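Participant: Each chain is listed here by its residues.
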Amino acid sequence: MAEVPTYRTPEVITPTREFLDKMEEMWSDPPGIIGWLSTVDHKKIGRRYLVTAFLFLFVGGLEALIMRLQLAQPNEHMVGPHLYNQLFSMHGTTMIFLYALPILSGFSNFIWPLILGTRDMAFPRLNMFTYWTFLLAGAFMYIGFPTGQGTDVGWFNYVPLAGSAYNPGPGVDIFALGMIFLGISTTAGAINFIATMFRTRAPGMSISRVPIMIWGTLTANVGILFAVPAVSLDFFLLWLDRRFGTDFFNVSGGGHPLLWQHLFWIFGHPWVYAIVLPAMSIVSQCLPVHCRRPLVANSAVILATILTMVLGFGVWVHHMFATGLPVIAMGFFSAASFIIVIPSAVSVFAWVATIWTGRPVFTTAFKFFAAEIVLFVIGGVSGFMTAAVPLDWQLTDTYFVVAHIHYVLIGINVFPVIGGIYHWFPKFAGKMLNEKLGWWNFWLMFIGFNVGFFPMHISGLLGMPRRVYTYPAGLGWGDLNLVTTIGAFIFALGVLVFLVNVVMTLLRGKQAPANPWDADTLEWTTSSPPPHYNFGVIPHVGSLHPLWEDRLEQSDGRTVLHEGLKLDEEHEIPGTTILDAEADVILKMPGKSFAPLIMALLISGVFIGMLLEWWWISGAAMCAMFPALLYWFWPSAEVGRSPRESRA
Amino acid sequence: MSATRVEPRDLRRPLPIGSVGNLTPGWWGMVMLIATEAAVFAYLFFSFYYLQSMADNVWPPSGKPPLPYALGTTGALFISVFTVWFASNGIRRGIKWRIWVGLPLTGLIGIAYVLLQLVDWSVEPFAFNAGAYSSLYYTITGFHLVHTIVGVLMIVALLLWTALGHITSERCNSVRVVALYWYFLVVVWIGIMTTFYVLPYVTPR
Numbered sequence: 001m002a003e004v005p006t007y008r009t010p011e012v013i014t015p016t017r018e019f020l021d022k023m024e025e026m027w028s029d030p031p032g033i034i035g036w037l038s039t040v041d042h043k044k045i046g047r048r049y050l051v052t053a054f055l056f057l058f059v060g061g062l063e064a065l066i067m068r069l070q071l072a073q074p075n076e077h078m079v080g081p082h083l084y085n086q087l088f089s090m091h092g093t094t095m096i097f098l099y100a101l102p103i104l105s106g107f108s109n110f111i112w113p114l115i116l117g118t119r120d121m122a123f124p125r126l127n128m129f130t131y132w133t134f135l136l137a138g139a140f141m142y143i144g145f146p147t148g149q150g151t152d153v154g155w156f157n158y159v160p161l162a163g164s165a166y167n168p169g170p171g172v173d174i175f176a177l178g179m180i181f182l183g184i185s186t187t188a189g190a191i192n193f194i195a196t197m198f199r200t201r202a203p204g205m206s207i208s209r210v211p212i213m214i215w216g217t218l219t220a221n222v223g224i225l226f227a228v229p230a231v232s233l234d235f236f237l238l239w240l241d242r243r244f245g246t247d248f249f250n251v252s253g254g255g256h257p258l259l260w261q262h263l264f265w266i267f268g269h270p271w272v273y274a275i276v277l278p279a280m281s282i283v284s285q286c287l288p289v290h291c292r293r294p295l296v297a298n299s300a301v302i303l304a305t306i307l308t309m310v311l312g313f314g315v316w317v318h319h320m321f322a323t324g325l326p327v328i329a330m331g332f333f334s335a336a337s338f339i340i341v342i343p344s345a346v347s348v349f350a351w352v353a354t355i356w357t358g359r360p361v362f363t364t365a366f367k368f369f370a371a372e373i374v375l376f377v378i379g380g381v382s383g384f385m386t387a388a389v390p391l392d393w394q395l396t397d398t399y400f401v402v403a404h405i406h407y408v409l410i411g412i413n414v415f416p417v418i419g420g421i422y423h424w425f426p427k428f429a430g431k432m433l434n435e436k437l438g439w440w441n442f443w444l445m446f447i448g449f450n451v452g453f454f455p456m457h458i459s460g461l462l463g464m465p466r467r468v469y470t471y472p473a474g475l476g477w478g479d480l481n482l483v484t485t486i487g488a489f490i491f492a493l494g495v496l497v498f499l500v501n502v503v504m505t506l507l508r509g510k511q512a513p514a515n516p517w518d519a520d521t522l523e524w525t526t527s528s529p530p531p532h533y534n535f536g537v538i539p540h541v542g543s544l545h546p547l548w549e550d551r552l553e554q555s556d557g558r559t560v561l562h563e564g565l566k567l568d569e570e571h572e573i574p575g576t577t578i579l580d581a582e583a584d585v586i587l588k589m590p591g592k593s594f595a596p597l598i599m600a601l602l603i604s605g606v607f608i609g610m611l612l613e614w615w616w617i618s619g620a621a622m623c624a625m626f627p628a629l630l631y632w633f634w635p636s637a638e639v640g641r642s643p644r645e646s647r648a
Numbered sequence: 001m002s003a004t005r006v007e008p009r010d011l012r013r014p015l016p017i018g019s020v021g022n023l024t025p026g027w028w029g030m031v032m033l034i035a036t037e038a039a040v041f042a043y044l045f046f047s048f049y050y051l052q053s054m055a056d057n058v059w060p061p062s063g064k065p066p067l068p069y070a071l072g073t074t075g076a077l078f079i080s081v082f083t084v085w086f087a088s089n090g091i092r093r094g095i096k097w098r099i100w101v102g103l104p105l106t107g108l109i110g111i112a113y114v115l116l117q118l119v120d121w122s123v124e125p126f127a128f129n130a131g132a133y134s135s136l137y138y139t140i141t142g143f144h145l146v147h148t149i150v151g152v153l154m155i156v157a158l159l160l161w162t163a164l165g166h167i168t169s170e171r172c173n174s175v176r177v178v179a180l181y182w183y184f185l186v187v188v189w190i191g192i193m194t195t196f197y198v199l200p201y202v203t204p205r
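Going down the list, the protein sequences come from chains A and B. Using the numbering used here, read the first sequence as starting at 1 and increasing by one per residue. Using the numbering used here, read the second sequence as starting at 1 and increasing by one per residue.
Looking at chain A on its own, in the form it has when it is part of the complex (with noise of 0.2 Å):
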């Protein structure tokens, strides 16, 4: 029952091999089940994320792809109206939902630490939390797919069509109650992101030298934590309608659909830039270090994203257009869609120049890197003309509006991703992905890609309609569906050069330098893969680019990496000051611990009982959590929030 002191000065030392050998004992975790299944450790955790959320892009890919055989030509009949329903409304919840942000929560929670010099999210218990719930949320989003019982109205799921009069069925409750438990994820990882980087970055990292991709995924959860109660209540009340009879949306009762879509679309809309943001983020992070240069403004490309973000919370009727609006709304949210072509360009402006101005190495990394610009152009321009009413009217729901979304998510979302994925292989596994492989991953993407989906903005030109199973022969549209599906199993073929390139190279790649790249932030400096402490001694960081600064000479801030504060009484980090990042608290973080997945689990509980309408279940799993979060939360002084020394 010793007394915990309050107060320490820290001693700067220089680590040592004994220091270290000791640092990597105490931050790494039991092995076996008990380790696997209790660590918090941010880049195991970012490690899952990206395994399971690529899992989710290869499910959703196959779903893709049978759509696409079943289009490849007129009259096929290949898979019936009921399945191909279930299809795309599957393929479309799974790469929104379980894909495009999983896989970015993954990076960041991998890089963020890292970037930031220092040794964990502000919160890893919530963390590992944040983990378990998207992994049973996405399981339970799939229980009905495999029995014929899938959600069949498409992602966004509107009403009445998705009512109990006209979809009795289970799916629409599956995808209703997976989403609510899917934004606990969501919204529990936004707390986290946020208070990390107002928190956690290592001294010296004052708000000015924050590196930007920490601003693109910072402003998106930012905008999550605003965003995502939208749907949760949507997804709520539309369960409510279905299972007591409200009646939210029921126009009899003094309901009316168009509430499902308004609330729908103010989450929609900014959920685009959510899975864009952080995306983009990445891409001006790493195409700058294969540009041998700083990126160019790199102030403008920030306060253009979070200007994005905050415009992207007033465009949400553009999906809305064709719902019989007054004029002038219309008009206001059509200007407020045109305004958001400015920040964006900002972006695109920036590397451009970045690479013009640059010596581009043209690794694989550069290439997909390179690729985004490309593809978010056209995307962009798409989408900028369907922000003009009368086209928006005539495009609507065709696939003009398909060929938009592919261009953009997958442009913007997946091709960051993959180049990333190149860009930080060797902090990920120790490994350098091949080259070769890469060459060849790279042009099948790229032209299988615009193969696929250029044709698309023709078809919907001649009227072609989306979410239709098939078409009759001699309306024009089979040559542009046969290019079509051709494209989409090229594009597919390059994500399995992928696959077998990250396999190949796990099993037998070279080993990776620390820094290979010659890259200029934090992450760089430890070894590949980092030690599961991140930092020996905590960096003093001196500059925007700690790596660069000898050569750059931007400032006379220099980064001091080898002695800084010996932080070493079990898991400890600085807390630093928002804005000067000065060290004003020793953070004690929690270790192993079970309680992020008996809490997952309990809320699996409380969804299944919904889900049955079990709800002892429910009941029984909701006073279950008391003593869970009271377990959760017990103030030990392990974790700094009690005074003694003894252990709940």
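Do not take every clue at face value.
[What the hints assert, rightly or not] Cβ pair distances, simulated, as ranges:
1) B/183 x A/11: 37 to 45 Å
2) B/112 x A/622: 43 to 51 Å
3) A/345 x B/127: 52 to 60 Å
FYI, nobody ran anything at the bench for these hints, they're computed from the structure. Please read these numbers as outputs of a predicted model, since none were measured by experiment. No residue lacks a Cβ here, since even glycine has one placed at the ideal position from N, Cα and C.
Let chain A serve as the given structure and place chain B on it in line with the hints.
Facilitator: Below, chain B without anything else, positioned relative to chain A:
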């Protein structure tokens, strides 16, 4: 020129260990939880006013709601702002007995609020699924009710931890954080009170 360069030795200074003082990670977590929960309520109010603006009939359809219980719950919650502040301010200044007065009182007021709200539900002339207005009424007050129950449970946890000696004037951040949550509950209640009980009485038909 070298004045801007920082020597690591300059960093040496006494630092608090763990959750001491203001702006701990827990505080950040609670502020963001409140932000996202506030957004939930904002979207609920958006739904209410949107459907009201679209409604053909006059809202509330079943006439003005009964006031007595709502006035009771409002009064109770307003008093609880003071009691929870009394506890959190007291422990920060090292006056431990104020926790033992302030928190139990706040918890009891919370329980009284929950009971009063349930009574209020039982006297409402409409059911959960009797149209958009009643759906919104029960959902919004129900959300607030659940949040209040969570707040009461947080207070129970604080009392347990205080009894076990985990909360001192230096390490009292959990009390501050719960107080913050409690203020949020009351602010949301002001919105609910205004929407359901004040506006129907002051807006001309």
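Participant: With reference to the structure, classify each hint as holding or not holding.
Facilitator: Status of each hint after checking the structure:
no.: 1; hint: B/183 x A/11: 37 to 45 Å; result: 41 Å, holds
no.: 2; hint: B/112 x A/622: 43 to 51 Å; result: 22 Å, violated
no.: 3; hint: A/345 x B/127: 52 to 60 Å; result: 54 Å, holds
This entry does not satisfy hint 2, going by the numbered hints stated previously; all others are met.
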